Amino acid sequence: MTRNLFDLGQRLRAAHTGQPVEIAAYAPVLPPVNPIACEVDTDGEHIYLTAASDTATATGADRAALAALAALGADLTAPHRTLVVGTAREAGLLASLAHQYRGDPAAAVVGWWDQRIDYPGTEAVHVVTEAARRRWVLGVHPDRERETATWREWLGVTGTGPQALLTIARMTASGSTLLDLLSAARADADSWERHQKRITAGRDWWMPDSRIDAAMGLVARSHAAEWYESLRMNDPRVALASAHDGSVVPGTVVAVTDWEAIIEADQPLSRLRVDSAVEAWRGEPIDAGGGICLNGRVQAATIDTNATLRVTVGRPDRKIKGIDVGSRLCLRPASVDSYMQANGRSLMAAKLFRGSNWIAGRGAPVARRGTVPLDVVVAAASD
Amino acid sequence: MTTGIGKPTLDPALTTLAERLCHAAGTDLPTALTALTSGNPTGIPTALAAGWEATDVIIPIHPTLDLEEPGA
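Note that the protein sequences, when read in sequence, are chains A and B. The opening residue of the first sequence carries number 336 in the numbering used here; numbering runs sequentially from there. The opening residue of the second sequence carries number 445 in the numbering used here; numbering runs sequentially from there.
Next up, chain A with everything else stripped away, as it sits in the complex (with noise of 0.2 Å):
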C-alpha cells in the first residue's frame, strides 16, 4: 500500500508539473547498438512493418517485411544491431512473421532478438514503453504508460513512426548508465556469437531446444531477471521508492558486535526474511549505489507492541566494523553476482549431462515435499 501511495504521489507531481518525475537516476537500459525501430501492426492476416535506421527506412507486409529488415542491415553475418519496437507485443508480431517465413534470411535475426527479448538489460532489444517505465512516471494512469503515443506526448517528441521511437530510446538511455549493466551487452554478444555458430553449422533457428537448452534457457532468463533487479537497486532513486516496499530498509543501529548488528527500522516493513542474505550501506535509501559496510544473513525480524521492527543481521563474512550504535543505514537483498550465477548454471549443465537427471530425458522425476515461502506460493497462483 505505501509503495502504491508513494508512485501515485509521484503521477500527481507530474500531472500537476505537467512534466516526466524521473524516478531513476541512472539510465536502466544501454543505449542502442546500430538500432533498427519497428513499427509492426497486424490486421489479422497481414502484419505489416514501418522499419528506420540511422541513414533509412523500409516498409513491407508479411515476407516483404522480413525483406525490409534485411534491406535495412538485419544480417546474421554483420554485428549484431538493437531492434527498437514501441511494445513486446510488437516484438511477438515480428517474431510469428519469422516463424511464418523461417527461411527467410532475416528470420534467423528475428528469432534472436525474440530470445534476447526475455533477458532483462539486454542491449539486443529495447522496448521503447517498458524501458521509459523504468526511467519515468508520467501524470496519467499507469494504463496508458503502456502506449507509445503517450510517451511521444510527455517527452514532446515531435516525429511519428519508427523515428520517434529511436528518439524516445536515446532520450531513455542517455546520461550515466547504471554500473555493471555492461555485462548484459557482454552477454548478447556471446549470445549473438554462439547463434551464428549456430547457424553455420547448419542447426535452424526455428528448431525447439532440447530439454537441457530449455533447462539452461529457463536459468539463464531468470538469473537475468534477478540480476537486473539487484543491479537496480543501486540506483538511488530506485531505492528511494524500494523503501516504501520493504525491499530496502532504511534503519538506525541499537547494537552491534563483532558478529551482530540489530537494526531498527524506520517504518515497520520488510520483505527481507529470516535466513536471507542481506548487505547494507550507510546512510540513507539515496546514497544507494556507494560501498557496502554490513553484509550477512537476516537472524531474526521482530516487532513490538510499539510496532517497531528490528532486524538482527549475524553471520557476516568478516568482523562488522566501523559501525557503531546510531549508526544510520539501509538494508538491502544481498547484490547478485552475475559472475557468481555463471558458475552456477556451469554447475547445473554439468548434472544435467550426466547421471539419471530426468530433466535429461533420464529417470523420472522424484516427488519431494518442501516449504515454499508464501509470496512464491501467490505469485505462483496469479500466473
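A few of these clues could be false.
Said to hold, decoys possible - Computed beta-carbon distance windows for the label pairs:
hint : chain 1 : residue 1 : chain 2 : residue 2 : range
1    : A       : 590       : B       : 501       : 21 to 31 Å
2    : B       : 484       : A       : 396       : 35 to 45 Å
3    : B       : 484       : A       : 496       : 44 to 54 Å
4    : A       : 654       : B       : 474       : 50 to 60 Å
As the list claims (entries may be wrong) - Which bits of chain A does chain B cover? Going by a derived footprint, with three or more residues having C-beta under 8 Å, they are:
hint : region
5    : 453 to 460
6    : 569 to 575
Simulated from the structure, these hints should not be mistaken for laboratory data. Quick caveat: nothing in here was measured; it's all calculated off a predicted structure. Here a beta-carbon is modelled for each residue, glycine too, at the ideal position from N, C-alpha and C.
Starting from the known structure of chain A, arrange chain B on it as the hints suggest.
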C-alpha cells in the same frame, strides 16, 4: 502539456485511481492535492507526500559510466 490533475483537462482514469487509493489510505483526493500543492503535506499519508517530493531530492551520483552509442 494538456493533461494533469488540477489542470483544465484532467486524466479521468488517473483521477479515479487516485481517488480509490486515497480513500483506501483514509483520505480523499481533494484534501491530498491541497496538502501536496500547498507545500505543507501534513495530514496525508507520508508515502504519498514522499512520492510527491521524491523528484526534489538531490541525488548524490557515484562515479559511473557515460556510455555512447558505438560510432556516435
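Going down the list of hints, with the structure as the test:
Our hint of 21 to 31 Å for residue 590 of chain A and residue 501 of chain B holds, since their Cβ atoms are close to 30 Å apart. The given range of 35 to 45 Å is broken by residue 484 of chain B and residue 396 of chain A, whose C-beta atoms sit roughly 58 Å from each other. The hint said 44 to 54 Å for the Cβ distance between residue 484 of chain B and residue 496 of chain A, and at roughly 46 Å that hint holds. For residue 654 of chain A and residue 474 of chain B, the hinted distance range of 50 to 60 Å is satisfied, since their beta carbons lie about 55 Å from each other.
Only residues whose C-beta sits within less than 8 Å of a C-beta in chain B count toward coverage, and the region 453 to 460 of chain A has 0 of them, not enough to reach three; the restraint is violated. Residues of the region 569 to 575 of chain A with a Cβ under 8 Å from some Cβ of chain B number 3, which satisfies the need for three, so the listed coverage holds.
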